[in-house]
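Asker: Quick mapping for you: the protein sequence lines, in order, are chains A and B. When you line the first sequence up against my numbering, it's residues 21 to 223, in that order. When you line the second sequence up against my numbering, it's residues 339 to 700, in that order.
The hints are simulated quantities; they were obtained by calculation from the structure and are not laboratory data. Quick reminder that beta carbons are idealized off the backbone N, C-alpha and C, glycines included. Any given hint could turn out to be false.
[Claimed, not checked] Okay, derived cross-link-like pairs now, DSS-like style, lysine-lysine, Cα gap no bigger than 27 Å in a straight line:
{"#": "1", "chain 1": "A", "residue 1": "Lys199", "chain 2": "A", "residue 2": "Lys188"}
{"#": "2", "chain 1": "B", "residue 1": "Lys420", "chain 2": "A", "residue 2": "Lys193"}
{"#": "3", "chain 1": "A", "residue 1": "Lys199", "chain 2": "B", "residue 2": "Lys490"}
{"#": "4", "chain 1": "A", "residue 1": "Lys188", "chain 2": "B", "residue 2": "Lys490"}
{"#": "5", "chain 1": "B", "residue 1": "Lys490", "chain 2": "B", "residue 2": "Lys420"}
[To be verified] Which chain B residues stay away from chain A? Per the calculated CB distances, all over 12 Å, these:
{"#": "6", "residue": "Leu445"}
{"#": "7", "residue": "Leu467"}
{"#": "8", "residue": "Tyr468"}
{"#": "9", "residue": "Ile481"}
{"#": "10", "residue": "Ala486"}
{"#": "11", "residue": "Ala576"}
{"#": "12", "residue": "Gly584"}
{"#": "13", "residue": "Ala588"}
{"#": "14", "residue": "Pro616"}
{"#": "15", "residue": "Cys640"}
{"#": "16", "residue": "Val649"}
{"#": "17", "residue": "Gln664"}
{"#": "18", "residue": "Phe682"}
{"#": "19", "residue": "Val683"}
What follows is the residue order along each chain.
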Amino acid sequence: MFHAILFYFFSAVLLGAALGVIFSRNPVHAVMFLVLAFFQSAVLWLLAEAEFLAIVLVLVYVGAVMVLFLFVVMMLDINVERVTGGFAKYLPLGILVAGLMVTELALIIWGQGSGVDLSGGFVAMPEGYSNTEALGAVLYTEHVYAFEIAAVILLLAIVAAITLTMRKRPGLKQQDVAKQVAVRAEDRVRIVKMDAERGEGES
Amino acid sequence: MKMFIPQFVLDIWSRFPPLMQYLFETTFWIVVVMISVILTVAFTTYFERKVIGYMQGRLGPNRVGPWGLGQPFADVIKLLIKEVVVPQESNRFLFVIAPLLTLVPALATWAVVPLTDTFVIADINAGLLYVLALTSVGVYGVILAGWATNSKYAFLGAMRSAAQIVAYEIAMGFALVGVLMASGSLNLGVITEAQAGGVSNWFWLPLLPLFFVYFISGVAETNRAPFDVAEGESEIVAGFHVEYSGVAFALFFLGEYANIILISALTSILFLGGYLSPFEGWVFLEGTAGSFLRGPSLAWLCIKICFFIYVFFWIRATFPRYRYDQIMRLGWKVFIPVTIVWIFVEGVMVWMQIGPWANLTG
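Same shape as in the complex, but just chain A (with noise of 0.2 Å):
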């Protein structure tokens, strides 16, 4: 009972959040409703007892997903007139997305073939078991390849971010932090020793 009050409390929220994205003006505001979208599915998780899921949902698109949107997205002016003129031109492709999502999701939940039970509703897990120990002991072992694979194809988007954005200017002044932690006083002061001199304008 209480757990379906929270729920329904908590998917609520989340719908609200989902509509603030789209309907909200300032672009600012929008990544905030995302933000707390994902709060809110991140409770949802937490109250199907996947709490590896919902704190990693917090911490990768939360903490650093988000945090860089906003980053990007403070420092565009965005025109709001001209980015709301092309609501005609893309509500049919729009329409066709949301369409195919609501089939999948019919699918999943009514169609035969996915071979997941619905019908038996929650079952909660026995007191001391760890949903990351889990998720890790069939990550590491069953789905290993694809998981490398995945590691990799991000290492690759990293590495092609990093080169498609440098440039190698000429001319450019660089530090050397080892060179300047290595000198010696040495190198830079010579001291000279001489006797005093008499200037040109004494006598």
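Using the hints, position chain B against chain A.
Answerer: Then chain B, alone, in the frame of chain A:
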């Protein structure tokens, strides 16, 4: 604890449904821990001014109350009765909510911190991940404050802070991976228990590079000197909180110091055995005093936290501020490789059954 409560209160208590009892009890402990943290923050500011004062050959605050101990309260009262000025062109809602967004994650993380061997508010299995997730959420307050203020200085501060926190979070996460490998658990209580057996068994020794990386990243994450370019007063006035005044500024201040205490507490728990005693297993310490010295207690955790808070201020009084590109270099090109190499070394050591984690199962 129970013996101080009169019988009729206990009678009424037992009639509540268990869910309500649980809610009341948890709320009570949350309030206790939060008030303790906030009081500690007050005295941490006093401690900082005293430490830095003595390091610079000054006396520090000494006018309000005995030894200036009333100074934090005088500051709080001053900040509370000041007017909160909201800039006209700012984004009002985000401007007001930003200080809360820095404070709330710093306080919420205390839920999983084991304060003694029996007491922790939420004994969850993914404690370490929870800590990491919440510390990364803390950056929103700074970014939003900088943006919502609609001022160039504040915006520059926010940009700097965002890039810096994202960079150091990675090194911090990798350092935590090392701790996770050494203890075989994500639960902070289990991590502490895995370090049982005296000073040499604490993780600071086998994980020495990660210990340094974690603490320095913690200093960078809290935007403290020498990594305080987000508010660098010589360049951008006060950075992200340049337009904040009164209570709103006090909340930022509270969040910053709560974060310092939190990072100190986490470093003590992850690398210095948390509530475990440094005299554990010293059999010649006899009697009740001896068993207190050898046993785990909150006092040990507090001493370790105080030490790390002191190190924060020591660093602040000692080092000049980093230049921005140097901060980025340290984060990306020094700390991340160091942690990756040490995780690899640790992996090899676990595999070869060398070191304190030799008896780990799994």
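Asker: Report holds if the minimum CB distance from alanine 486(B) to chain A is greater than 12 Å, and violated otherwise.
Answerer: violated, 8 Å
Asker: For the pair supplied as a hint, lysine 188(A) and lysine 490(B), confirm whether the alpha-carbon distance does not exceed 27 Å.
Answerer: violated, 30 Å
Asker: Determine whether the non-interface label on valine 649(B) survives the test: each CB of chain A must be over 12 Å from its CB.
Answerer: The assertion about valine 649(B) holds, with a minimum of 23 Å to chain A.
Asker: Quick check for students: does the CB of alanine 588(B) sit more than 12 Å from each CB in chain A?
Answerer: holds, 23 Å
Asker: Just checking, glycine 584(B) versus chain A, shortest CB gap more than 12 Å?
Answerer: holds, 24 Å
Asker: Classify the label on valine 683(B) as holds or violated, using whether its beta-carbon is more than 12 Å from each beta-carbon of chain A.
Answerer: holds, 20 Å
Asker: Between the alpha carbons of lysine 420(B) and lysine 193(A), is the straight-line distance 27 Å or under?
Answerer: violated, 48 Å
Asker: Taking the closest pair, is the beta carbon of cysteine 640(B) still more than 12 Å from chain A?
Answerer: holds, 28 Å
Asker: Find the nearest Cβ of chain A to the Cβ of phenylalanine 682(B) and say whether that gap is larger than 12 Å.
Answerer: Consistent with the label, phenylalanine 682(B) stays out of reach of chain A, its closest Cβ about 15 Å off (over 12 Å).
Asker: Minimum C-beta separation from isoleucine 481(B) to chain A exceeding 12 Å: can you confirm that?
Answerer: Answer for isoleucine 481(B): violated, closest chain A Cβ roughly 6 Å.
Asker: Beyond 12 Å from every Cβ of chain A: is that where the Cβ of tyrosine 468(B) lies?
Answerer: violated, 6 Å
Asker: Verify this label for me: alanine 576(B) is non-interface relative to chain A, using a Cβ-Cβ cutoff of 12 Å.
Answerer: Check passes; 19 Å lies beyond 12 Å.
In summary, the numbered hints that this structure violates are 2, 3, 4, 7, 8, 9, 10, 17.
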